[in-house]
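Participant: Protein chains in written order, with this note's numbering: chain R, 1 to 204; chain S, 1 to 662; chain L, 1 to 295.
In case anyone wonders, no lab produced these hints; they're calculated from the structure. Where is the CB? At the ideal position from N, CA and C, for every residue including glycine. Some hints could be false.
To be verified - List time: in silico DSS-like cross-link candidates among lysine-lysine, alpha-carbon distance up to 30 Å:
| # | chain 1 | residue 1 | chain 2 | residue 2 |
| --- | --- | --- | --- | --- |
| 1 | R | Lys13 | S | Lys223 |
| 2 | S | Lys319 | R | Lys22 |
| 3 | S | Lys60 | S | Lys530 |
As the list claims (entries may be wrong) - The following residues of chain R were derived to be distant from chain S, with all beta-carbon distances above 10 Å:
| # | residue |
| --- | --- |
| 4 | Glu18 |
| 5 | Ala43 |
| 6 | Val47 |
| 7 | His65 |
| 8 | Leu68 |
| 9 | Thr80 |
| 10 | Lys95 |
| 11 | Leu97 |
| 12 | Gly109 |
| 13 | His147 |
| 14 | Thr157 |
| 15 | Phe191 |
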Amino acid sequence: MEESAVVRPPSLKEERQEADSKTIFGFWVYIMTDCVLFASLFATYAVLHNNTVGGPGGKELFSLHYALTATLLLLTSSFTCGLAILAARARDKDKVLFWLGVTFLMGFGFLGLELHEFHSLAVSGNSWRRNGFLSAFFTLVGTHGLHITSGLIWMGTMMIRVAGSGLGRINVRRLTLLSLFWHFLDIVWIFIFTIVYLMGGAGV
Amino acid sequence: MNSFASLLGKLDIHALPHDKITQGGAASLVLGMVAVVVLLTYFKRWKWLYREWLTTVDPKKIGIMYIVVALLMLLRGGADALMMRAQQATSVGAAHGVLSSDTFQQVFSAHGTIMIFFVGMGLMFGLFNLIVPLQIGSRDVAFPVLNATSFWLYAAGMALVNLSLVVGEFSAAGWLAYPPLSELRYSPGVGVDYWIWSLQIAGIGSLMSGINFFVTIVKMRCKGMDLMKMPLFCWSVLTTSVMIMFAFPILTVTLTLLALDRTLGMHFFTAGAGGNAMMYVNLIWAWGHPEVYILVLPAFGVYSEIVATFSRKSLFGYKSMVGALAAIAILSFTVWLHHFFTMGAGADVNAFFGIMTMLIAVPTGVKIFNWLFTMYQGRIHFASPMIWFMGFVFLFTLGGVAGVMMAVPPIDFQVHNSLFLVAHFHTMIISGVIFGYLAGITYWFPKFFGFKLNERLGKYAAWCWIVGFILAFGPLYILGLMGATRRLDHYSAAMGWQQLFIVAGIGVLIIGLGVFFQLLQFGVSIWQRKARLDYAPDPWRGRTLEWATPSPVPVYNFAKLPEVSGRDAFWAMKQTKQAAADKDFMDIRLPKNTPAGLLVAGFAFAAGFGIIWHIWALLVIGGLGVLSSIIIRSTAERTEYTIPAKQVEQIETEARARESYA
Amino acid sequence: MAAALLATIIHYLFTANIPVLQPAGVIGQKEKHLMILAILLCLIVVLPVFTMTIFIAWKYRESNHKAKYNPERDHSRLFETVWWAIPFIIIGILSVVAWRSSHDLDPFKALAAPGVKPLNIQVVSLDWKWLFIYPDQHVASVNRVEFPVNTPINFELTSDSVMNSFWVPALGGQIYTMPGMSTQLHLMSDRLGSYNGSSANISGNGFAGMTFTAVSATGENFGRWIKTAKNSSKSLDTVAYQALAEPSHDNQVSYYSSPQPGLFENVVMKYMMPEMSGSLPPSHMMDGMPGMAGM
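Let the hints inform the model, and build the full structure from the sequences given.
Facilitator: Here it is in structure tokens:
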């Protein structure tokens with residue numbers, strides 16, 4: 001029997017491709033766990049959304065116009081994020097920075113709208129301390145908002161990085177991961193918009 | 001002066017322990033740490049510690065650290081157990097035992113929390129790190145820095161739990177902290193907060209490890225190793241990782257919601273204001289049940305390796321065993337309600353979950369049959385790992401019978417939360433998880449240290465654990481049927497329970513003797529190591545790839561990544577007398593050490609302490625610290641180093657020379 | 001030596017007081033029979049497993065050179081079929097048993113005894129004692145619940161503190177008590193006697209002292225007990241209840257006459273009132289209650 005087969009060591013290119021595929025796969029897997037996290041928050045909201053203890057519910061408190069504006073902002077920002085990635089594939093640094101900047105501004109705007117809604121609820125006596133329904137609402141929407149904030153911090157860091165060191169392999173890979181994250185948050189928002197605002201606003 | 005005091009949040013001098021027992025515990029902890037610092041300074045080992053251990057990204061070292069911390073925590077949890085037994089054996093009638101009610105309640109809460117999260121999970125992740133890369137023929141895990149961070153987060157959680165002994169108090173609400181008892185109104189102190197944040201921090205580390213090992217096994221197996229050719233231990237790690245990924249986010253959410261109730265005045269689980277405590281019970285067990293299977297499945301994997309090796313036979317029914325692991329993993333998410341049949345969900349719901357629970361017994365039983373038939377027509381060598389296994393077969397089966405009984409809801413109505421339940425789950429965890437991981441440590445020790453542990457002491461330890469366990473928990477089954485609930489710090493003499501509690505106390509002392517033999521075993525083996533050192537790469541005549549490396553394993557694992565064609569790859573190599581590679585070495589690139597993991601965990605620890613004591617500045621600093629550490633780490637450019645081929649050759653040649661010399 | 005040990009254990013099991021195995025109630029009897037059935041069914045698998053384990057470990061130990069050594073034998077379709085199928089069938093049988101018994105022994109299911117009127121008892125778990133309200137007899141007691149033998153009891157339970165669990169092992173299984181919710185338990189004693197009860201869910205540091213006595217008496221003696229309780233000088237009005245609800249340890253048995261009508265319902269309902277912010281102790285909650293004014 002011959003001696004153990006000599007395994008040809010992978011070339012640098014192969015090694016890098018493998019590393020990239022591992023990282024992107026790992027990030028998808030992380031997103032899956034984040035899905036479970038949001039699912040638990042949705043389940044909690046479902047159980048508690050009628051526990052208003054006599055106070056106002058979604059029907060009275062939510063402004064559908066407001067939520068729609070926020071949704072349009074976020075959805076558009078997903079689109080501009082996609083444009084940024086296309087530019088990254090094309091190694092066009094200026095376009096990347098431009099579209100990332102637009103995405104950032106829209107995301108920031110979304111966050112602003114959300115914080116404004118939270119603020120007006122809180123000062124009108126409908127803070128998270130009032131009842132189970134509001135606790136669940138603030139936590140579900142707030143967790144999404146925290147994720148958006150993390151995304152914005154990441155985006156800002158990437159913009160600085162790209163401006164400084166350009167669109168090398170690692171930066172493009174990281175931008176890919178960021179865009180995956182951003183699109184994921186968009187999808188979660190669709191669920192929030194539907195279940196919390198549309199259904200809540202209709203008094204379901 | 002006032003503003004300084006307010007900067008410290010709720011922290012003040014009263015946070016130091018005020019009863020003798022807690023003071024004793026705190027003092028021994030502090031003295032222990034001081035002793036470590038003194039020794040490190042005296043032997044001038046700080047730089048070595050930092051370079052070799054605190055900043056390492058080598059899974060072999062990380063695995064050793066996990067196991068060392070876990071075994072230390074076993075001592076702490078065991079001390080809690082001794083105190084509980086002492087209390088329950090003596091606190092009868094007019095006597096009130098050795099502990100106050102308050103202390104007793106913290107002791108049992110700490111006991112459960114430490115044993116599950118810091119002993120069980122620690123031993124498990126330790127073995128994952130040590131064994132998985134070797135068994136799949138790889139050099140490393142998928143994300144080495146994430147891996148180190150996981151360990152340090154685990155250590156940070158452990159540190160918080162232990163800090164509660166010195167500063168503040170621990171939770172008195174049991175290891176799962178049901179509301180409303182765990183809400184601010186009924187637990188106004190910092191105990192429950194310590195519980196929440198130590199678990200939250202450690203839990204994030206666990207989730208990250210689940211992702212890490214899942215990707216490692218899916219993406220980094222060596223050439224020729226299809227999934228159905230992997231050692232069964234790796235299958236158990238794979239299924240466990242999937243379970244971790246689905247279960248731990250639920251824990252993260254649940255702990256957060258309880259924290260929000262306590263810290264921001266929310267109403268998820270409060271009694272009143274629209275809170276729903278039953279929701280907590282559902283959520284925590286939706287995580288909690290998979291968690292116990294997370295703990296035991298890798299132990300089953302260890303048994304599979306041990307039984308095959310010591311029977312000198314390939315594992316019986318490999319496909320069936322893989323199927324059983326997968327079935328258990330999936331079913332474990334469909335049974336959680338059996339932990340609260342008595343909460344009143346109604347007959348239909350109870351019956352459904354009862355039936356699902358009983359179903360899990362089927363694949364578990366299948367595994368036992370397959371192990372037995374691995375032994376059948378084998379040549380069984382009863383080294384100490386096999387003794388642990390034999391103890392497991394008998395005890396786990398009996399505990400399983402108790403489990404099937406309790407899966408029938410009306411039976412559970414009579415034994416829920418009694419000592420019968422306590423006996424059942426200790427049977428499963430001790431004979432399944434603990435025996436399995438202790439056997440695994442004995443089995444794999446020589447691979448990482450180049451010498452075996454003293455076998456005679458190991459056998460004494462195993463027998464003490466087995467006999468001690470029977471005496472410690474046998475009586476508890478009966479006590480449960482006598483109406484004794486769990487967590488009692490006192491009972492009347494008329495109950496007639498004291499005799500059995502005394503027997504149980506003797507049992508725990510015998511287990512303690514077993515632990516003493518294990519400590520002696522480590523001490524003696526290490527003391528005699530120069531004489532014992534044989535560098536044998538394959539001391540047990542193993543079957544899987546980890547035995548194809550030198551002992552101790554060089555940092556790169558394999559000089560040449562192996563290529564396999566069937567199961568039990570190393571056994572096949574031995575049969576075909578494949579010579580070890582001795583030429584054509586290549587440069588090997590490995591990840592560099594980094595303090596990133598240590599920093600993230602250190603800042604997380606600070607943030608946790610800050611939230612617990614309402615020291616908001618500390619929370620902010622900790623949070624920003626975590627964020628900055630991550631961002632700064634991401635700017636690191638040269639994150640790898642190369643071992644030149646010549647050096648690899650040198651290491652391999654030396655290893656070979658050692659083996660033949662010994 | 002093992003035989004002597006076994007004999008000791010069996011002797012102990014038959015002489016000691018083990019309420020779950022020596023039930024004094026119809027529910028407890030059925031639950032005990034279920035336990036025996038489950039154990040017997042499991043033994044079908046367990047006994048062969050133990051026998052095989054001992055046999056295989058002994059016969060195939062490496063010092064036994066006469067035993068056949070077959071290192072390649074690592075699968076068998078027949079064996080796999082047998083040991084997947086037989087446990088499956090046993091579990092199948094147990095599943096049917098579980099389904100039927102879950103419905104038959106549902107704590108919410110009322111018991112019937114021909115010609116006997118059920119007794120209603122309302123239970124409130126407090127820190128750290130048990131309050132029993134007899135709405136039809138207009139008495140209340142703390143830490144002692146008495147009832148006539150062979151009479152169905154309709155327990156209605158709630159908690160005015162944390163989650164507890166009402167358990168009298170001699171009579172039958174337990175049920176949780178939770179604030180803001182009411183649960184039910186239906187038991188019937190078939191033997192005169194005095195039985196121990198406790199809380200089976202931890203509720204704080206007075207938990208261990210939260211034991212009570214459940215007495216199954218003749219109809220006559222029960223009537224006498226009710227009279228004693230009626231003669232109590234204390235009446236369980238709002239003020240008295242609030243005082244009782246204050247945390248206390250190791251309470252002695254005590255009696256109240258004329259419990260406030262609707263007291264139990266109010267204890268349940270108050271957790272659904274908006275004023276209950278979760279930060280005040282229970283005794284203060286009764287003040288803001290509609291319908292309680294002027295009582």
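Participant: Confirm or reject each hint.
Facilitator: Hint-by-hint comparison with the structure:
| no. | hint | result |
| --- | --- | --- |
| 1 | R:Lys13 x S:Lys223 | 18 Å, holds |
| 2 | S:Lys319 x R:Lys22 | 27 Å, holds |
| 3 | S:Lys60 x S:Lys530 | 22 Å, holds |
| 4 | Glu18 | 8 Å, violated |
| 5 | Ala43 | 8 Å, violated |
| 6 | Val47 | 5 Å, violated |
| 7 | His65 | 27 Å, holds |
| 8 | Leu68 | 27 Å, holds |
| 9 | Thr80 | 23 Å, holds |
| 10 | Lys95 | 23 Å, holds |
| 11 | Leu97 | 18 Å, holds |
| 12 | Gly109 | 23 Å, holds |
| 13 | His147 | 13 Å, holds |
| 14 | Thr157 | 6 Å, violated |
| 15 | Phe191 | 15 Å, holds |
Of the hints listed earlier, those the structure fails to meet are numbers 4, 5, 6, 14, in rising order.
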